[in-house]
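Start from the sequences and build out the full structure, keeping to the hints where you can.
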Amino acid sequence: MKGGGIENPVFEPPSPDLPRPDLGRQRQATPARAGAGVPEAAAAEEGPCGWGRCTPKALQLCNNPEGYLAAYSLLAIFQGIVVNGLINISISTIEKRYELNSSLTGLISASYDIAFCILSLFVSFFGERGHKPRWLAFSAFMLGLGSLVFSLPHFISGKYHYGAKLEDTCQIPGTSSNFTCSASTKSSLTNYLYVFILGQLLLGVGGTPLYTLGTAFIDDSVPKHKSSLYIGIGYAMSLLGPAIGYVLGGQLLNIYIDIQIPERQDTTYTKMNQDDPRWLGAWWIPFLACFFSIWLLIIPFSCFPKHLPGTAKLQAEKVSETHHDGSNVLVETKNIGKSFKDFPLALLILLKNPVLMSLIIASSSEALVATGFATFLPKFIENQFGKTSSFSATLGGLVLIPAAALGQIISGILVSKCKMDCKSIIKFMIGTCSVALLLNTVFLFAKCGNEPFAGVSETYNGTGTLYNLTAPCNANCECLRSMYYPVCGRDQVQYFSPCFAGCTSHLFNNVKKTYHNCSCIGKPKRENGSEDFLYEAVPGKCPTQCKFLPLFLTFFFSAIVFTFMAVTPTTVAILRCVPDKQRSFALGVQSVFLRLLGTVPGPILFGVAIDNSCTLWDINECKTKGACWVYDNERMAYLLMGISAACKIITIIFVVMAVCLYKPPPAGVALSQKDSEAVSAIHI
0 MKGGGIENPV FEPPSPDLPR PDLGRQRQAT PARAGAGVPE AAAAEEGPCG
50 WGRCTPKALQ LCNNPEGYLA AYSLLAIFQG IVVNGLINIS ISTIEKRYEL
100 NSSLTGLISA SYDIAFCILS LFVSFFGERG HKPRWLAFSA FMLGLGSLVF
150 SLPHFISGKY HYGAKLEDTC QIPGTSSNFT CSASTKSSLT NYLYVFILGQ
200 LLLGVGGTPL YTLGTAFIDD SVPKHKSSLY IGIGYAMSLL GPAIGYVLGG
250 QLLNIYIDIQ IPERQDTTYT KMNQDDPRWL GAWWIPFLAC FFSIWLLIIP
300 FSCFPKHLPG TAKLQAEKVS ETHHDGSNVL VETKNIGKSF KDFPLALLIL
350 LKNPVLMSLI IASSSEALVA TGFATFLPKF IENQFGKTSS FSATLGGLVL
400 IPAAALGQII SGILVSKCKM DCKSIIKFMI GTCSVALLLN TVFLFAKCGN
450 EPFAGVSETY NGTGTLYNLT APCNANCECL RSMYYPVCGR DQVQYFSPCF
500 AGCTSHLFNN VKKTYHNCSC IGKPKRENGS EDFLYEAVPG KCPTQCKFLP
550 LFLTFFFSAI VFTFMAVTPT TVAILRCVPD KQRSFALGVQ SVFLRLLGTV
600 PGPILFGVAI DNSCTLWDIN ECKTKGACWV YDNERMAYLL MGISAACKII
650 TIIFVVMAVC LYKPPPAGVA LSQKDSEAVS AIHI
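Numbering (numbering that gives the first Met the number 0), first residue to last: 0 to 683.
Hints may be right or wrong, so weigh each one.
Stated by the list, open to error - No more than 25 Å apart at the CA atoms, straight line, and that leaves these computed lysine-lysine pairs for BS3-like: (1) Lys511 x Lys522; (2) Lys386 x Lys540; (3) Lys546 x Lys378; (4) Lys386 x Lys511; (5) Lys416 x Lys426; (6) Lys225 x Lys422; (7) Lys95 x Lys416.
If you're looking for bench data, these hints aren't it; they were derived computationally from the structure.
Here it is in structure tokens:
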């Protein structure tokens, strides 16, 4: 082989001058065919930290794995803040502001994965032999640019006009505005959809090098037994991003979208507040902040050398654990990966690696469940346990994020401390996935029944019919089904809105809003004193009688911990079972499958299951079907448990297959004739 790259001496013919019994697995500092020593070639690329001749001494304190891990973690955090935090929490606001339906905002969300899938293979293939820290500087540039582009519609679409006041109480016939179903002129605001898609595509381009080349660089730069710990820390830090994004974005949504709330001219309604359904928050502010912050990270990544000091020595000491199917020999003898024409063969080598593909399918199955619950756990908590949307989202984040981070850190520490080899790591994954499957049964005994809902689960005091919100008591109120504003009556029954409860008036006090003169609400079911008669209905859902929330959160937290305890070991096992020069490419292949089989279909499958448990749909006066208002709690719990259990069983099956199919390289064999003949098993 010709010099100029980082070559692996393990694939050179054994030298009679260096008779070592473990030469077949130990990387030795033997001369390459071109005459250049391999460690010397790698050491030549272990430059100081800086820019050209500018190498300040202070920067050399960061020229180590810990300094790189700090920069990597910061970039992963900001990527999570924008992609998995801010965009998710801003989608509903963007829908209302730019008059987009859910299918179009779904396209916005999918644009990131589309860009990631298209570029992941090419970036990981070409970046394997390139300057990985500079690739991450490019990643920071594109992530910052994507954040900026995503915020642009706010600055070029003008100020938000929220229209007239909405009435939520029963109106005397003829006094309310007539609702017409005539087709309106298409708004030009929908054209900003393409700007949002462009922003997401740029974010996808920026995210591609991070979890392929960035992770492989960590594995290059640390001893093998520490790799899982460093990767686990990096992955755990990336999970802080969505948590910060949800908290930061949620707080900024309390600020009016144009900062200053405009005053209306009429005397009955001066300023809009957050309780008004037309309120829109300042979704764009955190995107601008992330734009500036992410671009600052270009500086540290641009100053790292191609290889950190000591990398050549570490590579010479590492023992190969590549799956023994001849692929290692083929990659080295043909020097695959140097040019684009090698791309098809390099991809075929990985696709024909049974251990790699088993691990990829297993991780994709787990990703399907993880992304499904990340998307719909707040909705599950909200409907099962009768909590508000904001509280459910907060609670879901408090369960998912710490549990996932804890699971990855624990597994990274265990794999590192126990110095597990590739086969032991895969066996460890079987144990964690099996425990997670058992904990998944929490859905069987920690579910709740359906609370009383007038017109859905029970009638209006014996009048009207089930699954019909209109009854004699509210027939003359001209209520809109398109306005869902639940209230709880003094009879402990939930009503679709104050209008459907027959309420004709409301009062404000220092504590809360109350509704009165409600013709559909019956007498209190229990006498608790005069307080029962101070109101007839209050905003919000009725307090649930189900007390299983603490039990559910405890078991579900544990299930998430054990689920994510398999994430870091999966990455380490993938890096171990493929040829050294294909590690980044293997992570790229995993990323593509992870999205095609996991993160993209996951929310879709969970959404279909949840919709299947709907008992009351939003069907407006134009007979247009919208979102679901009320769900069958038991059916929802069973469906989600079924999907989760099925995916975990698939995961366990393929991890067991990986253990059975894995063949470690022989301990005392170098590049023998037998190994050379194995190349024929992977030829085109």
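List in ascending order the numbers of the hints, as given earlier, that are violated by the structure.
-> When the structure is compared with the hints, only number 7 turns out to be violated.
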